[in-house]
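Keeping the supplied structure of chain A fixed, place chain B upon it in accordance with the hints.
Just so you know, the sequences run in chain order A and B. Position one of the first sequence corresponds to residue 1 (my numbering), numbered consecutively onward. Position one of the second sequence corresponds to residue 173 (my numbering), numbered consecutively onward.
Hints listed in this document are in silico derivations from the structure and should not be mistaken for laboratory results. Here the structure is a predicted model, which is why all the values come from computation and not from measurement. Check before you lean on any hint, since a few could be wrong.
27 Å max Cα-Cα, derived DSS-like pairs, lysine-lysine [unchecked claim]:
hint : chain 1 : residue 1 : chain 2 : residue 2
1    : B       : Lys262    : A       : Lys92
2    : B       : Lys274    : A       : Lys92
3    : A       : Lys167    : B       : Lys262
4    : B       : Lys274    : B       : Lys262
With the Cβ distance kept under 8 Å, some of the chain B side facing chain A (calculated, not the full set) [stated by the list, open to error]:
hint : residue
5    : Ala180
6    : Leu181
7    : Ile204
8    : Ile208
9    : Leu212
10   : Ala232
11   : Glu272
Even for Gly, the Cβ is constructed at its ideal location relative to N, Cα and C.
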Amino acid sequence: MTAQMFFIGFFGLAGVWFGIVVFRTFSMVRSALALLFSQTALGAMFLSMQAEFLGVLQIMMMATEMSIMAIFMVMFMMDPGGLGEMDMTHQKRLSLGAGIVSFMAAVAVAVFVDWGPLASVSPDAAQQTIDLGLELLGRSMLIFETAGITILTAMIAATAVAIQPVKRTREQ
Amino acid sequence: MSIELLLALITGAALFGVGIYGALSQTNLVMIMMGIELILAGAMVNLVAFWRYLHPDNPAGQMFVLIIMTVMAIEMAVGFGVAIARFRAKGSVEMEEAAELKG
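For reference, chain A alone in the conformation it holds in the complex (with noise of 0.2 Å):
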């Protein structure tokens, strides 16, 4: 076994186990918290396959979009201490079963599918780093501009949603 297939199972199950938690504590900052640490858990399994670059944006980005997270769980929930064990679930045996079987055609797909010739060596993290920002000003620019209008496109339809509407009077 070498250190990265060590590593790669390590981080990935501590990923799926966090990701588990999510749903199984009461306490809404609690499950943020474990979403954050999944997602972190992942960012180590990207820097484990030598994707570096991808490996510190996802711990950045998560670390702080689960912060924000947090703060709307404890706003929005009725319990966020977990405290009263409230059950906010429902179809229970539904979800389960949709769960097992998505995982289980996954993984179906994961083992019988012949994924042709492995690379056994990557760019290392300068190189890598180079060619993506090659791919984004050249080939994928009009992916990545799409994607960057989207999200400006989005935060406005976002605060147009969430702004409070003010009742204007004749004389205003």
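For chain B alone, coordinates are given in the frame of chain A:
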């Protein structure tokens, strides 16, 4: 088949399954969004594994991961916007109380 690729794909499949369970079983809008985040994280793990073990010389694989991250950010932004509007209007983001949204 490399064990590393298999481990990564199984991790992606497990995250996808857990995310499906969460998105379908939770009644709170924010928790449903957490399930969707896990589904997207599963897709992201697969994309990184495919890039690393099948086509490490092609950076387009990494670019797709950036697109998934964009989708995650958009989902968060729009989801929280909707959550704030819903909370302001009804005082709750419980989806069982949102039957009027049914088409």
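Going through the hints against the structure:
1. Of the supplied pair hints, the one linking Lys262 of chain B and Lys92 of chain A holds, its CA atoms being roughly 25 Å apart against a limit of 27 Å.
2. This hinted pair checks out: Lys274 of chain B and Lys92 of chain A have alpha carbons roughly 20 Å apart, not beyond 27 Å.
3. Between Lys167 of chain A and Lys262 of chain B the alpha-carbon distance is near 18 Å, which keeps this suggested pair within the 27 Å criterion.
4. Taking the CA atoms of Lys274 of chain B and Lys262 of chain B, the gap is near 16 Å; set against the 27 Å cutoff, the hint holds.
5. With 8 Å as the threshold, the beta carbon of Ala180 of chain B comes within range of chain A, its nearest partner Cβ sitting at about 6 Å, so the hint holds.
6. Satisfaction of the interface hint for Leu181 of chain B is found here, the shortest Cβ-Cβ separation to chain A being roughly 4 Å, below the 8 Å cut-off.
7. Given the 8 Å rule on beta carbons, the hint for Ile204 of chain B is violated: about 11 Å separates it from the nearest Cβ of chain A.
8. Here the hint on Ile208 of chain B is broken, as its CB sits about 11 Å from the closest CB of chain A, past 8 Å.
9. At about 10 Å, the closest approach between the beta carbon of Leu212 of chain B and any beta carbon in chain A exceeds 8 Å, and the interface hint on this residue is violated.
10. With a cut of 8 Å, the hint placing Ala232 of chain B at the interface with chain A holds, because the nearest CB-to-CB distance is about 6 Å.
11. A distance limit of 8 Å between C-beta atoms decides the matter here; for Glu272 of chain B the minimum to chain A is near 17 Å, and the interface restraint is violated.
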